[in-house]
Each structure stands twice: as C-alpha cells, then as structure tokens.
Amino acid sequence: MSATGLQLNKVTIRFGGLTAVSEVSATVRPGELAGLIGPNGAGKTTVFNLITGVYSPTEGAIEFAGRAITGLRPFEITARGIARTFQNIRLFGSLTVFDNVRVAFHLHLRQGPGQSLSRGPTFHHEERELTERTRELLEIFKLDRVRDEPARSLPYGDQRRLEIVRALATQPELLLLDEPAAGMNPAEKVELMKLIQFIQERYKLAILLVEHDMKVVMGICQRIHVLEYGRKIAEGTPAQVRENPAVIAAYLGYDPENGPTK
Amino acid sequence: MTELLQQVINGLSLGAIYALIALGYTMVYGVLRFINFAHSDVFMLGAFTAFYSSRAMGRWGFASGGFLGGLLVLVISMAACAAVGILIERLAYRPLRKRSTLTVLITAIGVSLLLQNGGQMVFGVNPKAFPNIFPSQTFKLGGLVINSNQLVVLGVALALLTALHWIVQRTRIGTAMRAVSFNATAASLVGIDTNRIISFTFGLGSALAGAGGVLYGMNYPSIEPLMGNSPGLKAFIAAVLGGIGSLPGAALGGMVLGFVETGVSGTRWSTYRDAVAFAILIGILLFRPAGLLGRNRIEKV
Amino acid sequence: MPSWLNRSQLVLVAALLAAGLAQFFSNHLDSYVLSVAMGVGINIVLASSLNLINGFTGQFSLGHAGFMAVGAYTSAVLTGKLAAQLNPIFGGHVYLLFPFALVVGGLVAAVAGGLVGAPSLRLKGDYLAIVTLGFGEIIKVIFQNVEYVGGAKGLNAIPDYSNLFWVFGTTAITVYTVWALLNSTYGRGFLAVADDEISAEAMGLNTTRYKMVAFVVGAFFAGIAGGLFAHLNNYINPSGFDFNKSIEIVVMVILGGMGRHTGVILSAILLTVLTELLRQFGDYRMVIYSLLLIVLMILRPQGLMVWPFKNPLWFYLKAYWPFRMLARRPTS
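Protein chains in written order, with my numbering: chain A, 1 to 262; chain B, 263 to 563; chain C, 564 to 895.
Isolated chain A, as found in the complex (with noise of 0.2 Å):
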C-alpha cells in the first residue's frame, strides 16, 4: 500500500429521506490498526458497505492507495486490497471450511472455465499450490481439523474466526473486521484481541475494526474514530477518545455499562 492507505473525504449516504452517514472524513493509514465506534445505529456497518461498494456514497469520494475507488463494485474494490468479515456472519455455508478458503484466493487465479476443463499442467500446479496455501492458513488458525464440514455446522467462534481467514486469503492490504467479538464470552474475546494482534503483525496489513465492546477496540486501537447518528464527532487515540467530552455524552446517553469511563 502507498503512504496514502484509506481516505474518506465528506461520504455521505442517503436512504430516501434518511441521511445514514454524513460527510465522515477518515484516514486509515498503511498498517494501522483503527477503530471504528459508535453506539447502535451510528452508521458503522454503512461505512463498511460504502467502504466495500455494497452501497456507493450519494456525494463524497472514496481513495485507497491513493486511487479512487467511488462506484466500484464490490469485487473490484476486493481486488484492489481491501477485504471484509460481515457483522452477520456470511460464510458460502453449503460448502467445506476448506473450500470456503480457497474460493478466496480466486482473485490470484490463473485458471478460468478452460483450464478447468483442459486441465492441464499448469492447472493441476496451481491447484496443489492452492491446496497448501488454503491448508497452512487454516493450520495456523487452528482450523485445519474441520477442514471437511460444512461452514454452517462450526461452532459460532469457528465460524467468525473462518471469516478473517477467508478475508485473509484474498491477500489484502487492509482488513474491515465488522463486530467481531460479537456474541463471544470475555475469554474469547481476549483469544480474539490476540488473534487480530497477530494478523496485523504477520500479514502487515491496516486493520479497521467496527465493535461495540470497549475493552476490545480500547485495548488494541492504535486509532479510534467515532460516530454518531451518522456523523463524525470524535477521532484520536484511546486515551483522547476517552476524555473527549463528546463521545462521553454519546455514550453516557446510550449505555453507561459499556461506556469509556473505567
């Protein structure tokens, strides 16, 4: 990624009469692990979606590395180097945990429809270089033993966990991670903060992660921004978030239990 990574510059979105997100300015620098927080109905996974061209913004554009990427559709946007997990989880459910993975590589295929048909040497060369790559990502996320049942039969961790994979094996350059730590239980949620810790460093890619627990994006943001009723009202590091009175009094007003002050 060039030094510019993920510029929003005043996006904005309309539903009909409803303004979902309005003129949010964002940077997510190379490498940066950012947070994305706001209480419910802020207009978090929006973002994500005009991100990732599920929707195009009604005004404002959209950079990354330094190229447009406004109106593009969604797999284009993939394939310049942003990947996504889905806050409702959205796996190919009918199909392996193993196929699940290597479907993602198919923006570095080589093969089209003929050479699944000829299937020739080159074919079969990729195809074994393919089946090693799928084999050790899912070895390292410890997701190797099922790598035979259906997605839809893993266990709810498992299954958030096959997303980042997924995500990952189309080799981004930055990672949108939409609520992972949902439904999980505190000891999962700190397995996952050192899951995405690892990836970040591993794969050194930027990560920007939508989530509702505090404790997560607190404890591994380099960067939060934070919205509210679709607008940008604060944006530092944990520790300024965390004073800023604005999003104290978003909070405050929403769920005091979760809220920033410690």
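It is possible that part of the hints are untrue.
Okay, derived cross-link-like pairs now, DSSO-like style, lysine-lysine, Cα gap no bigger than 27 Å in a straight line [as the list claims (entries may be wrong)]: (1) 808(C) / 716(C); (2) 142(A) / 194(A); (3) 390(B) / 716(C); (4) 142(A) / 215(A); (5) 687(C) / 360(B); (6) 204(A) / 142(A); (7) 390(B) / 808(C); (8) 644(C) / 716(C); (9) 204(A) / 215(A).
The hints are simulated quantities; they were obtained by calculation from the structure and are not laboratory data.
Since the structure of chain A is already known, use the hints to place chains B and C on it.
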C-alpha cells in the same frame, strides 16, 4: 375517433379484469414476499365455479341470466375461490414459512400445475361455452359497439376495488394486513396473529381472482383449464409494473396492460401481444424495478 | 497412459468409445428400446446443463426449453433446408454435417443464453424465474411466427441422424464439462455465488461473470440437446418447447437434488423411463409431476437421490398438524 373510443372501452374492461387478478399477486407478495404462481389458476377455478353453479341453478329452476342470479353466481364463485386460496396456503405454503424463497417458488409452480392438470382431468380438456349469467344486450352508439357485459365488468370491478380499499384502509383486519405487510415480525410482536392475516389475505386475493375469472368468462365466451396462464402472467406483469406490494399500483398496472394489449391487438403485430407484455415486464424490472408506484427495498448487509 | 490425459479425461474418452461401440451393435436392439435410450441421454444432457444454472449457480431459470428450441430449429434448418448448400462442403458425409449442425445449434443457443442472461441476471429468485419464463415464451412465439420454419405447424421430415453415438457422446461431454467446471478452485466460485452473492463479491468474485458463464454453457448444451431431439423425433413444433417442457427438466433437477451431479443424472434416467412405462397414464403425468414437486418441497427439498438418506420420513411428517399431535410427547 370511434375506432379509438372503441379501443378505450375494450381496454378498460380487459384492464379491469387484469387489475382484479393483479391485486391478489400484490397482496400476497405484500405479506409473504413471494409470487403466488397458482393465483392464475384460482382465477380459472372462478370461471369454472360460475359455469357449474349457473348450470346447477338452472336445473333447480332458479334461472340464472337475471341480474340477481348473476350476482349470486358471482358471489358463489368468489366464496369458492376464497376457500381454495385459503386451503392452498394452509396445505402447501404454510409448512414452508421459514424456508428459502426458491423452495416456496417451486411449490407454487407445483400447485399451479396441479390445478391446471387436475382441472383438465376434472373439467375436461375441451373449451366450454360460458353461459350468459347476466342479461346480455348489445348497444350501438354511432359506430360504437358496447356489450352490456363490458359494463357489468366495469361496474363489478369498480365496486370490488372500492370494497377492497375500504377493507384495507378502514377495518381492523385491513390495518393488521398493512401492518404485517410493513413488518411481519413487528406485527406479531404487537399481538397480531400473522397466520390469520395471511389466510385472510389469501382469501381476499383469491376472491378477487375468482371474480376476475367470472368476468373474463363473460367477455371471452369459452373457458378451459389452461385459461389462467395468459391473463395470469399479464396480471403479474401488471402488479410488477405498478410496483409489487402496492394496491393502487396493481390497479393502475392492470389498466395499462389492458390498454397496451388492446392497442397491440389492433395492429398486425397482434400475434406478438404476449411477447410485448413480457417485454414490458423485462423493461420495468431492469429500469425501474420498484415499479410505477412502488418503493425501492434496500437489501440489508 | 498419455501424460496429457488425466484420470477424468480418460473416463471421458472411455465413455465416448463406449458410445461408439454401443452404436456399432445398435442394430441388434429393438428400435423402441433404442429411442427410449436416446431419450434418456438427451434428458441427461438437459438436466445436467440446467443443473449448472439452477443447482450449482443457484439462478433459478424456467426457460431451458427455449434454448432447446433454438438449438433444435437451428440444427434442423442446417441439415434440412440448407443441406443442399452444405452437403458439398462436407462431401455429402452425414457424420460431418450432423455434428457441425449440432454445434452451430448449440452456439446459437449459447448466444441466445447470453442475450437473455445479460439483462436478467441482475434479478433474483422469483423475478429471475419469471423473466426467464417470459424469454422462453417469447422464443416460442417468435418461432410460431416465422413461416420459414413452418410457423405454428412446425418443421417435419427432419432427417433421423441421431444415434447412440451422437447422443451418448454428447451426454458424456456434458457430464464431463459440468463436473470439470465445478471441480476446480475457479469452479467452486459457482457454488459460492449460489450460497451468498454479496459475500462472493466481497471475496473478489465477479458474480455477474460467473452467472453468465453458467447461463451460456447451460444454454449451449440445451441447444445441442435440442438438435439431438429434433433429429431423433424427425419433427418439431414451437409448442413442444413450451413452459411444460421447461418444467419437466426442472423436475428432473429438483428430484435429483439441485446441485448434485449423480442425483440429477439418476433422476433424468428414472423420470424418462417412468414416463415411458406410464405412457398409458399419460394424462396423469403432469398431475403426478406437480404433486411430486409439492410433496418434495415440503418433505425433502434436497431431492430424492441424495445419499445418505439421513432423515426418516417421519421427521418431515411431523411438520403437519395431524402428525404433530402424534409426535407431541405426553405431558404428565
């Protein structure tokens, strides 16, 4: 000029029938989010119920062909169709409430084929002449030829549309219907028995289709078990054109389709009139999928 | 074993040889048995190619008979009306003219598939089904109105070029193609598209292109099947390729289990043979088909031919209220 006026009258009466059927598609889509393929065959059953009930009434010395007798036949057909509609929902669709749209779609196709082919076995394959259930007379106004049946069609359709509007907008159950169609989960949370509402919706839509069948039979003198296919598809197109889920849209779409079809029939392209209808469908789905009066739905990710 | 052939391709070659061999001995066979056997082969081609679209890629199409019609008419015109011009090119050799006609029929059908697919693949589920149904009907109406191919009366006196070799050769190639297409990293993309389009796009898959490939390849083989069908029956007419024909193919795919290779092949065989055996009950056939569809969807949506049979019938019957009463555990 007379030619044009004649076409307008023909278009209106055909459009009114399409509108009646289209309403059923749209209402069911509203509450269950699927296309009830079997709807057009309920329409066919409406015509056949009218055929047999008017014959039975004749046998008991209760001559149909009078105005009251005609109304009675109409009411019987509507009631029978409502019952069939509720039964179909109960037996075929309700067990699938939580399944994928594809499963429900295939089932609906199955029900449609069952009614058609079952109909062919029970009623026979050959077309039957539809009796005059209302007193029939032809008026000539200048160059215009108007059959009283066309007036009956317009009158009945208008009355039913008004009644439907009243039910949906003014009654408790109509309000519940709108609530379910807006958000089924939320509706059930506030204590609405969604299953009952869905049954009611099916009944209501099927009754309208039944009435459509009777009116269609009156204007196109012969009926047969596959008669639902073409008007059913046109009505579905009408529902999509108007914006599926929208009641005024279905009525409007039906009218538009009626006019287009009578328009095309008058030209040398008349053999292509079904193709034209499909071209409209494909066009609307590609360029304005929400239809004329519908609202866009955004898929949640 | 030549190094450029791998195991699956060897199987294909063996199947082609077997088809040739069967043809060689075919004059010992009863002509009725022969025609049923060819019917089986053609239906396997139709069902497998539709399975690629409806099953593996999850795009429910109801227009397969339309593509079949395109292939049937194209090839019949080539071997009939245009035979006088084409024969000199092929030196009067039918075994050259016929495959040429079949492939051209398939290609024209593939183009039709592309033309239909390009606009309609933006649609989903119900809408895609009804639009493909519409396209199928439009294709039928067009043939009904083209006098050159006989209009509504249809085309007759089509030469009977279809034989065991061509039919089962095509069957083998179709089955291999669908199998090979799916069994690769690229091919797993079809299944991914069927499972979750949004997520497939997010993983970098061009879902539109995948759907197009499925549609075009599916239409191509439907077209070839149409050609074989025309040269088996010696007669085609537009209403032979109507909605009911499409439904027949859909039933094969559903009964076999959408997205299952072997199941769909088995069900194509089973349904074709059953149809022949139950010919005297011909009137009931569609009634049985429709009942089968409904009951299957409610009780066993994954199809009949799916191994293993994990769930006993009882498991499904419990969903119905009279049985639900029985299934309820007594409360003390």
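Results of checking the hints against the structure:
1. About 18 Å separates the Cα atoms of residue 808(C) and residue 716(C), which keeps this hinted pair within 27 Å; it holds.
2. Pair hint residue 142(A) plus residue 194(A) holds up; C-alpha atoms about 14 Å apart against a cutoff of 27 Å.
3. As the CA atoms of residue 390(B) and residue 716(C) are separated by approximately 25 Å, the hinted pair is consistent with the 27 Å bound.
4. Proximity of residue 142(A) to residue 215(A) is assessed by CA-CA distance (about 25 Å); at most 27 Å being required, the pair is judged to hold.
5. With a CA separation close to 18 Å, the supplied pair residue 687(C) and residue 360(B) stays within the 27 Å bound.
6. Pair hint residue 204(A) plus residue 142(A) holds up; C-alpha atoms about 20 Å apart against a cutoff of 27 Å.
7. At roughly 26 Å between alpha-carbon atoms, residue 390(B) and residue 808(C) fall within 27 Å of each other, so this suggested pair holds.
8. Proposed proximity of residue 644(C) and residue 716(C) is supported: the alpha carbons are some 16 Å apart, at most 27 Å.
9. For the hint linking residue 204(A) to residue 215(A), the alpha-carbon distance of about 23 Å falls within 27 Å, and the restraint holds.
Figure legend: structure checked against the earlier numbered hints; every hint is met.
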